[in-house]
Amino acid sequence: MRRAAPGSRVMSDRKLPRLLQTPAVLLLLIWMLIPLGMTLYFSFIRYVLNSLRRPEWTTPSLSNWRGFGNYEFVLNNKDFLFAIQNSLLIVCSILFLTVILGVLIAVLINKAFPGRGIVRVLLISPFFVMPAVNAVLWINMILDPVLGLQGLAVNGINGMIASLQNAPLVGWFFSLWPQLEPISFRATQTSAYAVIIMVTWQWTPFAVLIFMTSLQSEDQQQKEAAVLDGAGLWSQFRFLTLPHLSRPIAIVVMIQAIFHLSLYAEIEIVSRGNGNKNLPYLIGEFANNNIGAASATGIFAVILANIVAIFLLRMIGKTLME
Amino acid sequence: MAIVAETSRFSKLSRPVLAWIVGLLFFFPIFWMILTSFKTDADAVKPEFLLFFTPTLENYLNMTENYDYWRFATNSVITSVFATIFALAVGIPCAYAMAFNPSRSTKDVLMWMLSTKMLPAAAVLYPMTFLTKSLGIFDTHFLIVLVLMLINLPIVIWMLFTYFKEIPKDIIEAGQMDGVSTWGEVKEILIPLAWGGIASTALLCFIFCWNEAYWTVRLTTTEAATLSKLIEGNRAPEGLFFGRLSAVSAAAVGPIIVLGWFCQKQLVQGLTFGAVK
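As you go down the protein sequences, you meet chains A and B in turn.
The numbering of the first sequence is our numbering, which starts it at 335 and goes up by one.
The numbering of the second sequence is our numbering, which starts it at 1139 and goes up by one.
Hints listed in this document are in silico derivations from the structure and should not be mistaken for laboratory results.
Only a predicted model underlies this, so the values are computations on that prediction, with no experimental measurement involved.
For glycine and all other residues, C-beta sits at the position ideal for the given N, C-alpha and C.
There could be a bad hint or two in this list.
Some chain A residues flagged as far from chain B (calculated, every beta-carbon gap over 12 Å) [as the list claims (entries may be wrong)]:
id, residue
1, G403
2, F447
3, W472
4, T522
Chain A stretches covered by chain B per the calculated footprint, using a threshold of three residues with CB under 8 Å from any CB of chain B [unchecked claim]:
id, stretch
5, 363-377
6, 406-415
7, 421-428
8, 503-510
9, 532-545
Bound conformation, chain B alone:
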C-alpha cells in the first residue's frame, strides 16, 4: 500500500530510535537522582565516580537520622490519604446528584467550582495565615487535610461527574422503581458500577495532594510539615550532601511516580476537565 511505503523508511528505524532517545532524555534527571542516591556524599561530586562507583545504601539507611524522613513521610501519607477520603465523601454525593438529577443550574455550579481552582493561591496567603493562626489550627494535620481537600474537590467532583454520567440512567431509575432508598442506590448500584472511576479519581487526588507545594509549605512549620516542606528546607546543600539529598528526594517521589504510571489516562481527564477526549 502506498501509505505504508510512504512512511516506512522513517517508521522502521528513525522513529523508534528518536523516540527512545527522547524518552531516555526526559527520564535522565530522575535516573541521575536515583544513581546519585547510591553514592556516598563524597563520591557524589567526584568526576571519577560519575558512572562507576561502589554503590552504597547508607544514604537510605541514614534517612531518618539525616532528615527525620519518616516523620515528614508520615505527615504526607496522613494528610494525603485523609484529604482524598474526605474529598470523595463530599464529592461522591455531589457528583451523584449532578449526574442523575441535573437541574438548569448544574452546569453553572460545575463551572463555578472549577473557577475556584483557578484562583491564585498566593492572593489569599495572608488571610489564610491570619485566619488559621487566630483559629489555632496553623501547622496542624487538620488544616492541611482541609486545605488539600478543598483545592482538589473541584477536580474530584468534575472527574466523578464525567464517570457517573456514563452510567445509563435506566439502571438508577430501575432501582428507584424497586423502592431502593437513595443511600441504597449509591451503595448498591452506583459505587459498584463506577468503582473504576472512583478508584482512579482517588489515585489522582492522592497524587495531587502529595505533590502540593504552596500551602503545605506556607501553612506549616514542624508539626504537620510534609515532604514538600522537607525538601524545600534543604534546597541548597552546596554539594556537601548530594548523596543523601538524592536519596531522600528519590524516596519522596518514587512511590508517586509508580502510582502515576497507572493513571495516565485519568490524568488527561482530570487535568483538562474532560475537554480533551
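Excised from the complex, chain A in its bound form:
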C-alpha cells in the first residue's frame, strides 16, 4: 500500500475527483457535440451525395449555404408531415396501451398467489427480446395473413363456420355468418398497427415492472383504513392506488416516448418500401442522398425529443440527491 504524502490529500479532495470524471465527461462531450454540430451545419447547406447537374453540391462547403432552405423544404415535404403524424400515432398508441395494460397487470399480480414468481418471469421475458427478432417473429410467424398464426386461425374459423353451415337444424343460422378475411399487416397503414402491437407486447412488461415496484411502497395502513371505512375495490383503486401511481406513470410515459420516438428496427423490418415511416426512418431515406434535408429532419427530431426530455429530467432531478 502506498502511503499518501500529506500534501496529496488536499489534491485528492479537489482535483482528483475532477480528474476521475474527466474521461467520462470528455467522451460524452465529444460523442454529443461533434456529430450534432455536423448535423446542425449540414442542415444549413445544400449537400447531396450524388448530383450530375450540380456537382458542387456534393461537397459540404460553406459556399453552398442555404440558410433555412432545408427546413423549409422539409416542412413542405408531405413525407415529413406523414412521418410526424405516424410517429405520433405510433408513440401515443403504444403509450396508451402499455400504461393501461401495465397498471391492470401490475395490480393483478401485486398480491401473492401460487406461482407468482413464474408468472413474473413469463411476463418480463418479452422485454429482453432484441427488436429485430421481435419484428421478424411477429410479422412473419404471427401476423402473416397466410402462413402466420393469424392466417391459420382465420382459416380454421372459416372452416368451422363452413362445416356448421352444413349441419342440420342450425345450418341456416350459421349460413348468415360472414367468412372472415385475414388482415395483411404489410400495407402502409396496417404495418403501423403491426409495429404498435409488437412494441406494446415488448414494453408492457417494462410498465408492469415499474408499477409493481412502485406498488410495493404503497401505504398499506391507509388501504386498511379505507377498507374499514367501507371503500370498495374500485374506490380503493381510484382514490389510493391510482394517485400513488401517478408519478411512475409519468416516468413510464416519458421514458417510452423518448425510446419510441427513435424506433427504427421494427419499422425497417415491417415496412421497408411500403410507405409507412416515422421520423428516424425518413431521416434514413433522406440520408441516401439529400444530406441537407436529412440533417434538418434530424434537428426536428432532436427538438421533439427534447420537449419530452426536459420534463423527464426535471422529474428525475428532484429525486437525485435524496
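Put chain B on the given structure of chain A with help from the hints.
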C-alpha cells in the same frame, strides 16, 4: 378480518387464473418461436403440424451453414463484452468521484449525461457514417465497441452512482485516515463493498449492448455485424424458412432472456434512473 373477507373471493381463484393467463399470453410468442424452431421448414407452415410434429434439431445444427450464425454471435459477444468492460472502466472512477466527493456541479453533470442518452440517434446518422468512413473505422469491432460503450455510459454511471451513494462515507473516510491511496480505496474498499451493484450494472449494460439495433445495423456491413444485423437481414423469409429463422432467432435472444430474469430489479433502477423506488 374484514379486509381478508373483502378480497378473498377474487383472490382465491380469479386472481391466479387471470394472472397465469396473462403471463402465458405474454410468453406465447416466445414459446411459439421456440416451438417452430424444432420443426422442419416444410412442417412449420403446415396447419396439421401446428402443435404435434416430429421435433428435429436440424435447424440448430445447420445454423452455421444457413446463416453463419457463430460469426455474428461472436461479434455480438465481443462487442458487448468489451463495451461493458470499457463502460465500467470509465464509469467506476467517475461515479466514485461523484458519490464520495460531490461538488455543486455534480447534479448538473449527471443530468447532462442523461440528456445525451435522449438524443435521437437518427439525427446524427449521416455525420456518424461520414466520420467513421473517413476515419476508416466503419464496420470495425472497435467502432461498435466504442458506440455501444458511449450510448450506455450514462446509464452505467447513473446506476453505479446510486449504488455507491448507499455506501457509508465513514468507511471511505476511515480508509483515507489510514493513508490508503485513492486507487487502494477503490480497489480494496469500494469494489468489494459495491460488488453486487457493479455486477448488476454490468449485466444490464451487456443486455442493452446485445439488443442494440440502430448503430449496429447502420454502421456495419459484414465485418463487425452483430446478431441484430443478421436477423434484420433476413426479415422476410416468405414462409420458406420459418423453422430455421425461428432457430436462429431463439439462439439470438435465448441467453439474454435468461440473463434478464436475474436483473429484473436492477432494470427498474437502470431504466428509470432511480426515479422509481
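Comparing the hints with the structure gives:
1. G403: Per Cβ check, G403 of chain A is outside 12 Å of chain B; nearest 17 Å; holds.
2. F447: violated (4 Å)
3. W472: The assertion about W472 of chain A is violated, with a minimum of 7 Å to chain B.
4. T522: With a cut-off of 12 Å, T522 of chain A remains clear of chain B, as the shortest Cβ separation is near 16 Å.
5. 363-377: It holds, with 8 qualifying residues against the three required.
6. 406-415: violated (count 0)
7. 421-428: violated (count 0)
8. 503-510: That given contact is violated, which follows from only 0 residues of the stretch 503-510 of chain A lying within Cβ reach (below 8 Å) of chain B.
9. 532-545: It holds, with 6 qualifying residues against the three required.
When held up to the earlier numbered hints, the structure conflicts with 2, 3, 6, 7 and 8 and fits the remainder.
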